[in-house]
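Participant: One line per chain: the protein sequences are A and B, in this order.
The working numbering numbers the first residue of the first sequence as 1 and each following residue consecutively.
The working numbering numbers the first residue of the second sequence as 1 and each following residue consecutively.
It should be emphasised that the hints constitute simulated quantities derived from the structure, not laboratory data.
Warning: the hint list may mix true and false statements.
Rough simulated footprint, nothing fancy, chain A against chain B, three-plus residues with beta-carbon under 8 Å [claimed, not checked]: (1) 18-27; (2) 63-70; (3) 76-83; (4) 308-314; (5) 327-338.
With a straight-line Cα cutoff of 27 Å, these simulated DSSO-like cross-link-like pairs (lysine-lysine) come out [to be verified]: (6) A:314 with B:411; (7) A:411 with B:314; (8) B:287 with B:314.
We put the CB at the ideal spot given by N, CA and C, even for glycine.
2 protein chains.
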Amino acid sequence: MKAEIISVGSELTSGQNLDTNSQWLSQRLAEIGIAVGWHTTVADDLEDNVAAFRIAAERADLVLITGGLGPTQDDLTREALAQMAGVELVFHAPSFEHIQQLFARRHRAMPDRNRVQAMFPAGSEPIPNPHGTAPGIWMNVRPGVSGEWLVMSGPEQESGDRSQGSMKNWLTPDSRPLTPDGSPLITHHSLLVAMPGVPSEMFAMFEKQVRPRLVAMGFSGGVVVQRKINCFGAGESAIEEKLMDLTRRGQSPEVGITASDATISLRILARANTAEEAKAQIEPVEKTIRERLGSFVFGADEEELQDAVIAILKARRQTVATAESVTAGLVARRLGLVPGASACLLGGVVAYDARIKVELLDVPPSLIEEHGVISAPVVEAMAVGCRSRLGADFAISTVGLAGPGGGSSDKPVGLAFAGLAWDGGVRSQSFNWLGTREEIQSRTAKMALNLLRLHLLTK
Amino acid sequence: MKAEIISVGSELTSGQNLDTNSQWLSQRLAEIGIAVGWHTTVADDLEDNVAAFRIAAERADLVLITGGLGPTQDDLTREALAQMAGVELVFHAPSFEHIQQLFARRHRAMPDRNRVQAMFPAGSEPIPNPHGTAPGIWMNVRPGVSGEWLVMSGPEQESGDRSQGSMKNWLTPDSRPLTPDGSPLITHHSLLVAMPGVPSEMFAMFEKQVRPRLVAMGFSGGVVVQRKINCFGAGESAIEEKLMDLTRRGQSPEVGITASDATISLRILARANTAEEAKAQIEPVEKTIRERLGSFVFGADEEELQDAVIAILKARRQTVATAESVTAGLVARRLGLVPGASACLLGGVVAYDARIKVELLDVPPSLIEEHGVISAPVVEAMAVGCRSRLGADFAISTVGLAGPGGGSSDKPVGLAFAGLAWDGGVRSQSFNWLGTREEIQSRTAKMALNLLRLHLLTK
């Protein structure tokens, strides 16, 4: 059982837009255990579309198509599907009514050309689109004797004139497989499902109508559940070294490791018949990973360092303030991204200029003269001054050199310090980051957030 | 002349990673006037790879392949290219020496399996990769009498035993076309070029070696030059209304309009024989757009609002400070992204908590009581207090409600104010943004930067 995903549109082949639909559909198919063998993107050219659909039907059991269902002359998916199977486009009254209603609801006149969106390859089935004017198309094909493709019409399609169709012709999640005798799907048949290219419309159509029906038809090879464990404070290889037995290929569940902007994530992927079984497989692996990595782990799935920091502070009813030089507000901005951050984030000082460090954060000028701005004593003084000035339980601070210019052999571009002051102490940490200006700033901000997080874990 | 781009890798078909190489290559090919008809992504499966390469060679004149050139068992591009053309893989000594040197330079032992990266389909040509261990492959094929594909070996390949090859066999930008008699490329022949999947290595190989050679071989169908004009302060439809005659379909140069996070961009795209001709087409259109849109335009191509602000401040040798509530540091962070920002950005205060607005920015508590924090008087008082405390020429400030919770009919989620204080005055502006917490924060930060930009343009 293999699937192919086809994206239609010259805006994609030209590089103007990035195709993200194919990745999204691959992820959703993986969740129901269907492996994707191919992604194809094809320009708005009728002949090329017909050829691409034929190639896909030959090699794949399931073909998901996105795009080309709009009302303009560039929208060729309907016609290409009809040509592929040698059938005409026929009018479907309920789809037309729906399109008219959408325009009426918006108090706009329906342009004539939108009528084409109610035309479907004879023998195919419309998939209603509550969110837009482009219905989808569900079409089963099988090879004919001379290598051509033939539409397999289900009993619903055969029961009447489609132009007089009623809502019973519409796809519902519980409608039965289209093979006339109800037998299980024969693998050299191919099911083509065309959906709109607009991501929000496609997402809704896939989730509510296509996925349930695929599962009901027995396409699903089980479920796939994924869990992401996020770490900070060690490199990718150092993390992997502790998990060699888990990340080896061919393990079940699979454990993969990826690095993004100095955050290291472990992805646990389990396949099973039910979500419960998959989760039961993941649980002991997650436990092992958390035990071995200890406080390197700051969160799961989409959690970021600031989410972890705010969650702990909220639970302890404590507050934080920031004193930023090299990160220029990014630490506060990240904390401010968390909904409800106002319960813990008092505010901060962006002390980009040295004078501001002295005037607003009470850093002694002599300290700057002696050690330079980019130093442990200055970053610690900034944290202490900030905590006292803003009256916070904790203050975190940053200094560093983000470049691109201004480095020296003594203090190279990428050298950064993070400081932390609390009731009774102050400490700092440094790192020499490699990367662009933006990467150095981002990673230094993470280092500061992590410094506070680790302190909160132990104290 | 049509091209196809093939990405190889199960991490792409599974949806784990997003393919961005294909878009990048489409954009680069568009720049040299080569239209892309297809993107294909294929899983790590030898048979599927061979089939995909054959389909591509049949329908496209140029096939760019990325991925599958690594040293592991999953890396099948070399073998698939050889199978497609019915040839063996042969050893290429210079490539092997280069791989060995890369490991030696990193003081690491070369694993045996890396030897496979020095194997090439007989008759193909290696493309050196200075940035990694995976050389590329340049392979011209033509159809044989029974529909099979045959490698067309150029004179370089025929001159000697490839296993004893020297650097003269390596691809250089000025090496001549591979057709033996130097005649122009015959269109039913197909040129396959395999490059590494690692984006940075692929980018360098394409730019330095593949593109120049494609142009020299006459693949280029002219040049395409693009110019982006960036605007802020009006909606997409309001901008488009002023440019209806330019954005109509079928115009030359083409003008497209896109909105991203409240920034509206006009893309001017011109096709011509030379870059100079294309630029000459763009120039009057850009002039018209700038005249009609006036101060809505803040920059071109990749310029952001903060780049415009820093550039003007630098030229005037003036300074800015920030006083942020709802944006929590994002205004300062954006200014801090600009290289050399330290010449103008003194720093700022993140006054998230109301108390900080009073204590660090001298906002009168009575003002907050009377108008509430999210009000014009408070955002203006913050800017005035910030400018005076930090000793800057200008101060910009923000307040607002980013949500998701906390809105009222009086002050809904999305309501935001930006303030500006200068030598002799203060003003503010408000907007009711729709969007997520992150979008509301981002757009409010842009509104503050734009307030200062517009002031700098007129004063």
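Participant: What hints, given by number in increasing order, does this structure fail?
Facilitator: 2, 3, 4
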